[in-house]
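Trainee: One letter stands for each residue in the lines below.
Number of protein chains: 2
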Amino acid sequence: MAERDEAAPIRVALLGCGTVGGNVLRLVTTHAEELAAQVGRPIELVGVAVRSLDEVPAGMDPTLFTDDAASLVARDGLDIAIELIGGTEVAGRLVRSAIAHGVSVVTANKALLGAHGDALFAAADAAGVDLYYEAAVAGAIPIIRPLRESLVGDQVTTVMGIVNGTTNYILDKMTSEQLSFEQALAQAQRLGLAEADPTADVEGFDAASKAAILASLSFHTWVSADQVYREGITHLTPDDIRAAERAGCVLKLLAVTQLLDDGRVSARVHPAMVPRTHPLASVSGAYNAIFLLAREADRLMFLGPGAGGAPTASAVVGDLVTVARNRRRGVASPSRVAAASRAVAPMGEVSSHYHLRFVVADEPGILASVAAVFAAHRVSVRTVNQSAPEGTPEAVAQLSLMTHLAREADVQACLADLDGSPFLRGPITLIRVEGV
Amino acid sequence: MAERDEAAPIRVALLGCGTVGGNVLRLVTTHAEELAAQVGRPIELVGVAVRSLDEVPAGMDPTLFTDDAASLVARDGLDIAIELIGGTEVAGRLVRSAIAHGVSVVTANKALLGAHGDALFAAADAAGVDLYYEAAVAGAIPIIRPLRESLVGDQVTTVMGIVNGTTNYILDKMTSEQLSFEQALAQAQRLGLAEADPTADVEGFDAASKAAILASLSFHTWVSADQVYREGITHLTPDDIRAAERAGCVLKLLAVTQLLDDGRVSARVHPAMVPRTHPLASVSGAYNAIFLLAREADRLMFLGPGAGGAPTASAVVGDLVTVARNRRRGVASPSRVAAASRAVAPMGEVSSHYHLRFVVADEPGILASVAAVFAAHRVSVRTVNQSAPEGTPEAVAQLSLMTHLAREADVQACLADLDGSPFLRGPITLIRVEGV
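Respectively, the protein sequence lines represent chains A and B.
With our numbering applied, the first sequence covers 596 to 1031.
With our numbering applied, the second sequence covers 596 to 1031.
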């Protein structure tokens, strides 16, 4: 970084001026004095890159805006680029260019970091610039900073998060109003809480990017989004919700990452039953929460809005101040994401608790047959519940099992063995249980 | 700070080796390699100050220990002092001496910061050294760092915390097991959750120190512990617990600090009814939680263990790493606690919601008399509930009122006017309501 005049402003470029970018623009312009006091130098916004110059917000100086983001990032004397474009292509090129030009970066782009974080962090560390991304996981909740700084003297062992507000809202509605997935999704879309194409949310892609970032940060290793086991919520039914309720649980889409005993990492996104007494169980609506276990600090939870222009902008501006202070002092904070090199354990080798539900013929000896299959695969059953579902013509029984901690592969082997059994009257439903 | 060899270790002195200090000692010695990687230099523990050399833990190098803390702090080339002695006298002298010697300080001492934080922060800023104190408020919960860094681009407006695990445990027991205050306190003492002299906890002194720190940090001004309005929990009865339950609330001892519309600050510690649906309501046992409102970030909550050797040590070591990194790079983070200068509003000028409960003669016209007093003082009543308490010989009625937002002084004026009324059959009970 070149030596510069002590009073020279910190020069900032804003890339993208949508919901979050517009709020960042508002905060940076209306809080200029306070930000200058915090940083110890004025923040000078040198340019805002937009897709089209038709997008310039009313009342703003039009000369500040450009549709040539690439030139803005390469502008001489630029200190910090705030990337709020999203996606991996254009945004990736701009972030790489910024770093190559010695410019520090603040981004809220989970997809970009989840896919290419390793290369970007390494490039930033090599260039001696900051790459901050508090807003990329769980919106305004300060989770990156605690993991990156407060807990560095500790060993995080598990991070479990509700990191997607859309799916949390849908599951909430399915629970409180007995809606089907399709009905709840339609409601979320009407309220603007789900996109017209909801795939990224309801299939768990968004949560998987965040799980990858959380895993990388918590365990100082690189985990990419495509290494995260992923299962969405589209197949969940009101029967699953009721089964969770009967088990004293609520259904949540969780991003889970764990340090395994053998030093490997598990990273996964899937629906999970969470006991009603667990702090995550009461996180409702579009809120996000991160629950973590650490060797020394025990149990911590962070709760807050997971999205929204103003909350996300708050996190971005918090990063901006830290990066600007670093810039003023000529220092940068290394990401250390690649300090350890840990393998990601395949899902089959991960252990969890399982809730299994299946309809069987109501005949003698069936429970014994089922129990024998579980015993053969060393899956220990914790509770069994047999009930007679209403309104079924045939004499059938519904069997619910909760297992003790069991290996995924062993549980899947049980399901494979049971599949096609003459006494089965429908498919077997498997839902993992976390936080027990 | 003198220039030093790039590979020279960061020299650290530990002051105090009790529950927290012992855990810090363990973490620093057993995690030496990881900490060196995080800091970019080895951490060298140059000495541990204990009250008496009889206290040296088994298996530790005895030459490391000293009962002369003053000389240890003044030792040549010391980088960081970790103060875990507690109290204001000895600890205060040592922290001031460390700062005067150009040594950065990490402390968990809420009493010291609550009483003398302004002078200490100013001295640290003037000396260009760090003064970090994550462990001073809410143990292992990373709350100082988010307030100091993540939210600097935002405006925090309210912080409400359950910051004392002892009183939270006592109130929990009074609620779940219908115990009296005295019974619940005795149980907490048996479990080691309350001291033999519980005054600092149950009278709210401990919480007031933390409220002062939170207010100072959130609003960039100096609030000392003796400016915090303080009311403990010793007067609470099972009747109060039941009244809270009937109002759909739970009773918590809260530390509350708010930025008022006129720019002044309110800082107070008192029991409060919290609606059962509020995130703070479900914080149970010895856990702590900080709930905050910010203009942009909306609602955030942080939950975790409020005390305990290992969790508190985790927070101390997190600070140690940050301060050591700063030290290595020759920088320090100013506290900015005194950036704004805000007055603390007297309790009478603070507005809240109030729950009032009193027993009156069961005669016609009394509700009208009571209502007239509230109207005269412009206190707007939100709900009224009149019931006949069981087992009373005389014909009496129990009256419960919940007010809308009202000025404390106006509510107190109502109570003064009602005091001595011929229809009153006992004292009036006032409990504030927060989080509505």
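Read the hints as simulated data drawn from the structure, not as lab findings.
Do not rely on the hints blindly, as some may be mistaken.
Derived list of chain A stretches under chain B, where covered just means 3 residues or more per stretch with a C-beta under 8 Å from a C-beta of chain B [to be verified]:
hint: 1; segment: 620-632
hint: 2; segment: 830-838
hint: 3; segment: 886-899
hint: 4; segment: 902-911
hint: 5; segment: 916-926
Predicted model, so just to flag it, every value in this text is computed and none were measured.
Every residue, glycine too, gets a C-beta built ideally from N, C-alpha and C.
Trainee: Hint by hint, say whether it matches the structure.
Mentor: Status of each hint after checking the structure:
1. Requiring three or more residues with a Cβ within less than 8 Å of a Cβ of chain B, the coverage given for the segment 620-632 of chain A holds, as 4 such residues are present.
2. For a cut-off of 8 Å, the count of residues in the segment 830-838 of chain A with a CB near a CB of chain B stands at 0, and the three-residue condition is violated.
3. Residues of the segment 886-899 of chain A with a Cβ under 8 Å from some Cβ of chain B number 11, which satisfies the need for three, so the listed coverage holds.
4. Residues of the segment 902-911 of chain A with a Cβ under 8 Å from some Cβ of chain B number 7, which satisfies the need for three, so the listed coverage holds.
5. Given as covered by chain B, the segment 916-926 of chain A passes the check, having 5 residues with a CB less than 8 Å from a CB of that chain where 3 are the minimum.
Hint 2 from the list above is the single one not met by this structure.
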